Amino acid sequence: MIQAKELYKSFDDLHVLKGISAVFEKGKNNLIIGKSGSGKTVFMKCLLGLIELDSGSILYDDRNFSRMDFQEKKRLRQEIGMLFQGGALFDSLTVEKNIMFPLTMFTRWSYQEKRKRVDYCLDRVNMAGSNELMPAELSGGMNKRVAIARAIVMEPGYLFCDEPNSGLDPKTGVLIDNLINEITKDLGMTTIINTHDMNSVLAIGDQVIFLNQGEVAWKGAKEEILDTTDPVINEFVYATEMAKRLKGK
Amino acid sequence: MNWLFHLGRYTLLMLRSLRRPDKHRVFFGRVLTEINNLGVNSLPIVLIISVFVGAVVSLQAAFNMDSPWIPEYAVGLTTRQSIILEFSPTIISVILAGKVGSSIASEIGSMRISEQIEALEIMGINPASHLITPKMIAAVIINPFLITISMVVAIFGGWLGALASDVITGDAYIIGIKSYFKLYDVFYALFKTAIFAFIITSVASYQGFYVKGGAIEVGRCSTQAVVNTSILIIFANLILTQIMLT
Ligand SMILES: Nc1ncnc2c1ncn2[C@@H]1O[C@H](COP(=O)(O)OP(=O)(O)O)[C@@H](O)[C@H]1O
Ligand SMILES: [Mg+2]
Numbered sequence: 003m004i005q006a007k008e009l010y011k012s013f014d015d016l017h018v019l020k021g022i023s024a025v026f027e028k029g030k031n032n033l034i035i036g037k038s039g040s041g042k043t044v045f046m047k048c049l050l051g052l053i054e055l056d057s058g059s060i061l062y063d064d065r066n067f068s069r070m071d072f073q074e075k076k077r078l079r080q081e082i083g084m085l086f087q088g089g090a091l092f093d094s095l096t097v098e099k100n101i102m103f104p105l106t107m108f109t110r111w112s113y114q115e116k117r118k119r120v121d122y123c124l125d126r127v128n129m130a131g132s133n134e135l136m137p138a139e140l141s142g143g144m145n146k147r148v149a150i151a152r153a154i155v156m157e158p159g160y161l162f163c164d165e166p167n168s169g170l171d172p173k174t175g176v177l178i179d180n181l182i183n184e185i186t187k188d189l190g191m192t193t194i195i196n197t198h199d200m201n202s203v204l205a206i207g208d209q210v211i212f213l214n215q216g217e218v219a220w221k222g223a224k225e226e227i228l229d230t231t232d233p234v235i236n237e238f239v240y241a242t243e244m245a246k247r248l249k250g251k
Numbered sequence: 004m005n006w007l008f009h010l011g012r013y014t015l016l017m018l019r020s021l022r023r024p025d026k027h028r029v030f031f032g033r034v035l036t037e038i039n040n041l042g043v044n045s046l047p048i049v050l051i052i053s054v055f056v057g058a059v060v061s062l063q064a065a066f067n068m069d070s071p072w073i074p075e076y077a078v079g080l081t082t083r084q085s086i087i088l089e090f091s092p093t094i095i096s097v098i099l100a101g102k103v104g105s106s107i108a109s110e111i112g113s114m115r116i117s118e119q120i121e122a123l124e125i126m127g128i129n130p131a132s133h134l135i136t137p138k139m140i141a142a143v144i145i146n147p148f149l150i151t152i153s154m155v156v157a158i159f160g161g162w163l164g165a166l167a168s169d170v171i172t173g174d175a176y177i178i179g180i181k182s183y184f185k186l187y188d189v190f191y192a193l194f195k196t197a198i199f200a201f202i203i204t205s206v207a208s209y210q211g212f213y214v215k216g217g218a219i220e221v222g223r224c225s226t227q228a229v230v231n232t233s234i235l236i237i238f239a240n241l242i243l244t245q246i247m248l249t
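In the order they appear, the protein sequences are chains A and B. Quick note on this note's numbering: the first sequence kicks off at 3 and runs consecutively. Quick note on this note's numbering: the second sequence kicks off at 4 and runs consecutively.
Wrong hints could be hidden among the right ones.
[As the list claims (entries may be wrong)] With a straight-line cut-off of 20 Å between C-alpha atoms, the simulated EDC-like cross-links for lysine to aspartate or glutamate are:
#1 K47(A) to E118(B)
#2 K47(A) to E124(B)
#3 K26(B) to E74(A)
#4 K75(A) to E121(B)
#5 K26(B) to E81(A)
#6 K76(A) to D69(B)
#7 K99(A) to E124(B)
#8 K215(B) to E81(A)
#9 K76(A) to E121(B)
#10 K75(A) to E124(B)
#11 K215(B) to D93(A)
#12 K26(B) to E98(A)
#13 K75(A) to D25(B)
Keep in mind the hints are simulated off the structure, nothing from the lab. Computed from a predicted model, the values in this text were never measured in an experiment.
Assemble the whole structure, with the sequences as input and the hints as a guide.
Below, the structure written as structure tokens:
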């Protein structure tokens, strides 16, 4: 479980987070939704300590992240997996070396042991046998899948995904969503997903918070979001032509 | 104000890069890779430029000193001093700033904009000591070797120039390069080469590390890295010469 309490962050005059509080539960897909530019990425990076907060506190299962020293943060980070918007695979390394990288840095495993774990992770994301490919040779969907494999290789307790299916065709997007959902449930991770895709919300949104103008404008579960009357949320939910027509029926 | 900001942020980045590496074996592997990338791969351009410039320097010296009042060995002596004191350490370093500096800035810059640096950070790895330090160590070790090779090749080029000049004989040139030789000059040259190597790698890495935006900004930062490192090398050269040769 991750708890954020009263997070504030601004860049000069731009107030991106204005007192955001939220609880993200274990074994669930916790979605953060909102328009582009609403601060989803900034929020996630604040939770991860990649961006320094102006004020507020963050708890990882009762461990106060804001008060941790350098070594404690480093140890916590080994329990965190992250899927970046563009995959962020190291483009000088093969798929295998990418996934193996955290193991090489933080374990004393032999190559055989590491290889076994890499193959398991690749298999888990349906990419078995692609060990020797370079990131430049992968399609968008394959890239995301390898990035998921790398994110889960250390068996993290916390998984962060920034727009996991942006830039993918709808069908591949659904596959990636399902994959994240399955892994979250299997491994009992606390998963936090940024998205602006309503389809993901309806498919895997165990818990959803809606960010608007730096605040949490709504929270609830996937089914409830269709029935809200709040105009701001409705505008987001029914933004597409397809959604509008379906609502009319 | 602006340059103070950069100086402060650069210093902080250097302090970060001095932290103990996360895994020593991986770190040494990275140093070896960088020695290959930054050093061995620069050898061809260093060889070509050195042999030709060496030849031109001795030709110029020969034509301009073609006088009965100047001893023949002066051509070799002048050529050797120009090469050892300035051409090889300074000019070749500026050329390396162009080749190596731009490649470092664009490599690290594109890792920044594609979030690979943040990916390292999330994993609990210090990106400065993982990415930047091996480059700095590699260049500080390998550049003095490159420059030594450049000196030898340029002096050889000078001999070819002397032969082609018809003004002096090859033997006179060789007597010239052997006269009044001070080992301290070579030490001075290699010392400043090491300083320049540090400037090239650290400034170019800094430039790439803090890039914001996209591909255009990466291109711009790599150009900027070449400009900045070249200027800094020339300045540092002036200061080091003041300190070490007076
Ligand atoms: N490092 C930064 N410096 C200044 N402004 C930033 C920075 N990062 C994000 N922003 C601004 O914060 C706002 C929220 O951005 P972001 O979190 O990326 O939005 P989202 O992920 O929801 O699309 C945007 O207006 C963006 O321009
Ligand atoms: Mg975003």
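Results for each hint:
With a CA separation close to 12 Å, the supplied pair K47(A) and E118(B) stays within the 20 Å bound. Only pairs whose Cα atoms come within 20 Å are accepted, and K47(A) paired with E124(B) is accepted, the gap being roughly 11 Å. This hinted pair checks out: K26(B) and E74(A) have alpha carbons roughly 17 Å apart, not beyond 20 Å. Under the criterion of a C-alpha separation no larger than 20 Å, the hint pairing K75(A) with E121(B) is consistent with the structure, at around 14 Å.
Note on K26(B) and E81(A): the hinted pairing holds, with a Cα-Cα distance of about 18 Å set against a maximum of 20 Å. Distance hint between K76(A) and D69(B) is unfulfilled; the C-alpha atoms sit about 69 Å from each other, more than 20 Å. Proximity of K99(A) to E124(B) is assessed by CA-CA distance (about 17 Å); at most 20 Å being required, the pair is judged to hold. At most 20 Å may separate the alpha-carbon atoms for a hinted pair to count; K215(B) and E81(A) exceed this at roughly 28 Å.
For the given pair, K76(A) sits about 14 Å from E121(B) by alpha-carbon distance, which is consistent with the 20 Å threshold. Restraint check for K75(A) and E124(B): satisfied, since their Cα atoms lie roughly 11 Å apart, inside the 20 Å limit. At most 20 Å may separate the alpha-carbon atoms for a hinted pair to count; K215(B) and D93(A) meet this at roughly 19 Å. With a C-alpha separation of about 19 Å, the suggested pair K26(B) and E98(A) falls inside the 20 Å cut-off, and the hint holds.
With a C-alpha separation of about 14 Å, the suggested pair K75(A) and D25(B) falls inside the 20 Å cut-off, and the hint holds.
Violated hints, listed in ascending order, are 6, 8; each of the other numbered hints is respected by the structure.
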